[in-house]
Each structure stands twice: as C-alpha cells, then as structure tokens.
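Engineer: Please construct the entire structure, taking both the sequences and the accompanying hints into account.
Residue numbers (this note's numbering), protein chains in the order written: chain F, -8 to 210; chain U, 1096 to 1349.
Honestly, the hints are just simulated from the structure, not real lab data. Beta carbons: idealized from backbone N, C-alpha and C, even for Gly. Please note that the accuracy of each hint is not assured.
[What the hints assert, rightly or not] Chain F regions said to be covered by chain U (calculated; three or more residues, Cβ under 8 Å):
| # | stretch |
| --- | --- |
| 1 | 103 to 117 |
| 2 | 120 to 132 |
| 3 | 197 to 210 |
[Claimed, not checked] Among the chain U residues that face chain F by a calculated CB cut under 8 Å, a handful are:
| # | residue |
| --- | --- |
| 4 | 1145 |
| 5 | 1180 |
| 6 | 1184 |
| 7 | 1192 |
[What the hints assert, rightly or not] Within a straight-line C-alpha distance of at most 20 Å, the following computed SDA-like cross-link-like pairs (lysine to any residue) qualify:
| # | chain 1 | residue 1 | chain 2 | residue 2 |
| --- | --- | --- | --- | --- |
| 8 | F | 127 | U | 1214 |
| 9 | U | 1199 | F | 132 |
| 10 | U | 1263 | U | 1226 |
| 11 | U | 1199 | F | 106 |
| 12 | F | 127 | U | 1203 |
| 13 | U | 1199 | F | 128 |
| 14 | U | 1177 | U | 1260 |
| 15 | F | 116 | U | 1203 |
Chain residues, written in single-letter form:
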Amino acid sequence: MELLQKMIRWTPQLLAGAKITILLTLASVSAGLIISVFLALGKMSKNKIIRAICSAYVFFFRGTPLLMQLYFVYYGLPEINPALTINNRFLAAFIAYGLNSGAYCCEIIRAAIQSIDKGQFEASKALGMNYGQTMKLIILPQSIRRLIPPVGNEFIMMLKDASLVSIIALADITKVTRSIQSSTSSSLVYIPAMILYLIITAIFTIVFNRLEKKYSVYE
Amino acid sequence: MSMIKTEDICASFGKLDVLKHVSLTVEPREVVCIIGPSGAGKSTYLRTLNHLEHIKNGKIFIEDKLLDYYENGERKYKIPPKERAAELLEVGMVFQRFNLFPHKTVLQNVMIAPMNVKKKSEADARKKAIELLTRVGLADKMDAYPNKLSGGQQQRVAIARALAMEPKIMLFDEPTSALDPELVGEVLSVMKQLAEDGMTMIVVTHEMGFAREVADRVVFMYDGQIAEQGTPEQIFQNPQNERLQQFLKSVISQ
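Structural biologist: So, in structure tokens, the structure goes:
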C-alpha cells in the first residue's frame, strides 16, 4: 500500500520525464527518416563521389557508439569552435540522435527500395517517367509498406537509447528516476519507470501495427 | 518512312553475346511477330528498342530519327535527352509479367503516366482511361487493385496503360507466357483488335496461332541472329532454315 502511494507521488515527475523521452524519440527518428531518404538515394546513385560520401556517413554513425556521438556534440564541438556550442541540452541530444538515426534508417530505406521488383522501374521507364517521377510516384509509395515494421523497430530502439541523455543531465525518464532514487534512497522507483517505458513501447507497437494494416490493402 | 529501323544491333551480358548484328525494319501499321527458342535473344532485342537494354553496336531509328548509334561499345552519336525522351514516348511496351503498379487502382494505373508525363488534366486522363478500359473489356474493374484481377485481366490493363500514352508503336514481350492457358485468348483478342485498328506492333510470342493469323511478317531468331523471316505462309508452310524446321516441329508436337 505504501509502495502504491509512493508511486502515485512520483508519477508527475516521471510523466514530465516521459514527455522529454517521447519528444526526443519522435523528433530524432522523424529527422532521421528525412535524412535517410537522401542518404539511401545517394548510396544508390551512379555518382561515385555521392555514393562514397553517403557510405562514409553511414559507416561513421553506425560504427561509433551513440553515447560518444552525444558526448561529442555536447562537449566536443564547442572545443573545436565556440560557435558550435549548443546550450540547449534537448537540441544537442536531438542533433546527435537525428544524425545517428539517419544512418540506421538509410539502410532500412535502401533495403525497402531494392526489394521492389525491377519490373516496376522498367514499366515506369517504358511509360516515359523520369527517375524523380518513378521514385516519387511508384517506388517510394510501395516501399512505405515494407518500411513500417523496421521503422517501428527503430522507434522502439531509439526510445530506450534516449535514456543515454541522462548523462548530459537532460531530464528524461531515466534521469528523473535516478534523481528520485537518490533523493528518497529507494530503488523501487525503477518499477513505475519501467512500466512507463513498457506503456510507451506498447503505444508505438499498436500505432505501427495499424499503419501496417492500412498500407497493406493492395498486397 | 519506317517506324522502327535497326542496323547491326549487338548486345551482350558480360561475355555472352546475346544479339549478333540484328537488322530489322518495321513499316507503319505492320505487325511483326518474333518467334524462336528461349535464349535466342528475342526479348533482349525488343528491350533494346525501348532502351531497357544497352547495345554495344549498331543504330536504332524510330520514325527515321537516329536515337542510338554505337560502334564496338563506343557511343558515336548523342541525341539531346529531351528529344530522345519525346521519341521514346512513341513506343509503348507490354511485359510478360504485366508490371502493373500494385499500389494504384486499375484506373490510376492507366491515368498516372498521361497526367505526370504528358501533363494531361485529371479529367482528360480519366476520360481517356475509361475509354481504353472499356475497349479492353474492364470498365467494371476500374476501382479494383491489380491483385484482385486474374492474369488475363491484369495484362489487358497493362495494354490499356501503354495505350493511354498514345504510342505509335507497341512492343509486346511474351504477353501471354505468364498466363494460364484459359486466359490467353482474351489477351490475344485485344491484341488482334489493336492490329486491325492499324497499330504498328512487334510481338515476341510463343503463340504460333496468333503469329499465323495476325502477323504481316514472322521473324525467326536463333542464337542472337535473325535466321529467317517472311510472311506467315512462308515461315510456317515452307520453312527453309534447318533450325526453323526443327523449332516448328518441336512446337507443333507439343
């Protein structure tokens, strides 16, 4: 009973943390998706230089720990040039996470585009469509259905990676939980915190299942 | 004026030579059927005409305009991309596997290219699409998605989709090879109607009955070359080439 009361008392703080966690996840993966469309098209480009740049980007962001990328954006960039100082912690996290997510989504989008039957490109070409029209009207819309499951996965992974921002003192769920733990010297706060993560994950899962159904009408 | 003229076309996949000096001229309103065993280069030849396959050597003219000219893998002539795109719009293509756009309804499949490539208004594109779908007997399927149609119906939509761009030449790449036997007839009858309406057509086919009945000229390809060509009577009743005689025997004995 006492535990339940404690949990209720902690709820407002945890919910405030959840707001940060959710916003950061949504914003980062959304930005990542936009970046990744260009990266994916770039990686499939005929131009060697564009291909090399996009590949290097993906290699870098997938090949180094997200935690280090976050540290570097927040602490490292100002040292290179004070003009690059980002005082807003949320903004710093968003930049690091968005760039990182772009690299992971790039591979998702590239795989989805390349899974579209070659005949679709040929039919578009035979009808006189140029590359841009073919991508915009024919290929990308068909890729969306195949993107949904892995992008849903990316959201859920990012949700938990977002807990790393506690190290730059951004008050997400994990940071809030740690503060409550140290101020009350009780570790039971992890129970409602984990439940909160599960609830958010469940919501993401439901939304993506719905989306998948909606885009499956023609398959 | 010829509709399509090719001179000395050579193409290869890696080290394998698929086309070896193919020359063929197709006149307006002519229906040419290309027959031959698989691997003879029939489809590859057809695809070079629409730039779906690169050539290494030879010239391709469409309506007497030179579109491609290569000598031993080296490009000898470059037409401005806009002119080339405009000329290629005169060539429509129907594929063996239909290649309809699965995320679009039947009507949208037929409207999408005229609206986006020819910048037709939606109303005009719709009117034309309805007219064409009626012509291929699918007016009642306009709002269906392709996956709800039989193979024969899908192929008829694909024909309507190609016709919506108002091409002067239609290429058919084994249009009935992926169909169940009972669905072949409906597609062939649409094609026959098209031929009677005066469309210039090149048809790669295994349907000997269609070639005999509809073609003005039958071309027999073997090993990347045109081995024999002539009227259906000449080809089917009095074949000269030994390979053609063998081929016809094997086709008829099936």
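Engineer: Decide, hint by hint, whether the structure agrees.
Structural biologist: Status of each hint after checking the structure:
1. 103 to 117: holds (count 7)
2. 120 to 132: It holds: at least three residues are needed, and the stretch 120 to 132 of chain F offers 6 whose Cβ sits within less than 8 Å of chain U.
3. 197 to 210: holds (count 3)
4. 1145: Given a least distance of 6 Å, the restraint on residue 1145 of chain U holds.
5. 1180: holds (7 Å)
6. 1184: holds (5 Å)
7. 1192: Status holds, d = 6 Å.
8. F:127 <-> U:1214: Status holds; Cα separation ~16 Å.
9. U:1199 <-> F:132: Within the cut-off at roughly 10 Å; holds.
10. U:1263 <-> U:1226: holds (18 Å)
11. U:1199 <-> F:106: Holds, at about 18 Å.
12. F:127 <-> U:1203: Holds, at about 15 Å.
13. U:1199 <-> F:128: Answer holds: residue 1199 of chain U to residue 128 of chain F is near 10 Å, not above 20 Å.
14. U:1177 <-> U:1260: Judged against 20 Å, a Cα distance of about 17 Å means the pair holds.
15. F:116 <-> U:1203: Holds, because 17 Å separates the two Cα atoms, which is no more than 20 Å.
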